[in-house]
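Protein sequence lines, in the order shown, are assigned to chains A and B. Counting in my numbering, the first sequence tops out at residue 140, every number present. Counting in my numbering, the second sequence tops out at residue 117, every number present.
Which bits of chain B does chain A cover? Going by a derived footprint, with three or more residues having C-beta under 8 Å, they are:
#: 1; region: 41-50
#: 2; region: 88-100
#: 3; region: 108-116
Beta-carbon label-pair distances, calculated as ranges:
#: 4; chain 1: A; residue 1: Glu85; chain 2: B; residue 2: Arg67; range: 36 to 44 Å
#: 5; chain 1: A; residue 1: Ile101; chain 2: B; residue 2: Leu87; range: 37 to 45 Å
#: 6; chain 1: A; residue 1: Thr35; chain 2: B; residue 2: Arg67; range: 28 to 36 Å
#: 7; chain 1: A; residue 1: Asn84; chain 2: B; residue 2: Ala6; range: 17 to 25 Å
#: 8; chain 1: B; residue 1: Asp66; chain 2: A; residue 2: Ala44; range: 42 to 50 Å
#: 9; chain 1: A; residue 1: Glu93; chain 2: B; residue 2: Pro65; range: 42 to 50 Å
#: 10; chain 1: A; residue 1: Ser52; chain 2: B; residue 2: Gly104; range: 24 to 32 Å
#: 11; chain 1: A; residue 1: Gln69; chain 2: B; residue 2: Gly104; range: 17 to 25 Å
#: 12; chain 1: B; residue 1: Thr115; chain 2: A; residue 2: Leu107; range: 28 to 36 Å
#: 13; chain 1: A; residue 1: Thr99; chain 2: B; residue 2: Asp66; range: 40 to 48 Å
#: 14; chain 1: B; residue 1: Ser69; chain 2: A; residue 2: His104; range: 40 to 48 Å
If the Cβ cut is set under 10 Å, some of the chain A residues that face chain B in the computed set are:
#: 15; residue: Tyr63
#: 16; residue: Gln65
#: 17; residue: Gln72
#: 18; residue: Tyr73
#: 19; residue: Val112
#: 20; residue: Tyr114
#: 21; residue: Lys132
It should be emphasised that the hints constitute simulated quantities derived from the structure, not laboratory data. For every residue, glycine included, the Cβ atom is placed at its ideal position computed from N, Cα and C.
What follows is each chain in one-letter form.
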Amino acid sequence: DAKTTQPTSMDCAEGRAANLPCNHSTISGNEYVYWYRQIHSQGPQYIIHGLKNNETNEMASLIITEDRKSSTLILPHATLRDTAVYYCIVRVLNSNSGYALNFGKGTSLLVTP
Amino acid sequence: DAGVTQSPTHLIKTRGQHVTLRCSPISGHKSVSWYQQVLGQGPQFIFQYYEKEERGRGNFPDRFSARQFPNYSSELNVNALLLGDSALYLCASQEAGNTGELFFGEGSRLTVL
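Just chain A, same shape as in the assembly:
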């Protein structure tokens, strides 16, 4: 699976949009971009995933550049409860070698009042 690069930490004011970037310049054509987050002392939580089109769900939006070498997770109206470590992960959707996620170190997002 391709490697991802994320900033170590970011801050965001409550109520503003949080834009979390991720670089995955070596991504292959059949690899999806997944985002998970981990709130302190909890297990990781799935947020969203996509291949090349922008995706939106009730939690967030995922914007993938046309060349697919980078993406941005957008939390449209960040709340204090969104303070967490956010992981950008690239993997093949249906791999015959099992389903293993490479979490990396992620971005620690702090939402401030």
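Chain A is fixed; fit chain B onto it per the hints.
Positioned in the frame of chain A, the structure of chain B alone reads:
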């Protein structure tokens, strides 16, 4: 519906001892994965089991083993504990073996003294 449940939540062992961690997946989920999360790092993949067979194995020594039972619950066993095995052990379940999102439990916090 109950989420992924893990037991015990916390435990303390001494070097050289053995530990067994248990996981019950979400009802209807047939795949269970195990991850190790050392303080300050993202989760690292250990094993995946699907329909009671090992589907994937991460870069962990043979001291780590696991199995999945007919009811799809799972055990992770670690022999000859080392100080470096101190970590949060996360279990995740998913409906199928190679697709879909992972649902994580709260983890078992292991401290090796």
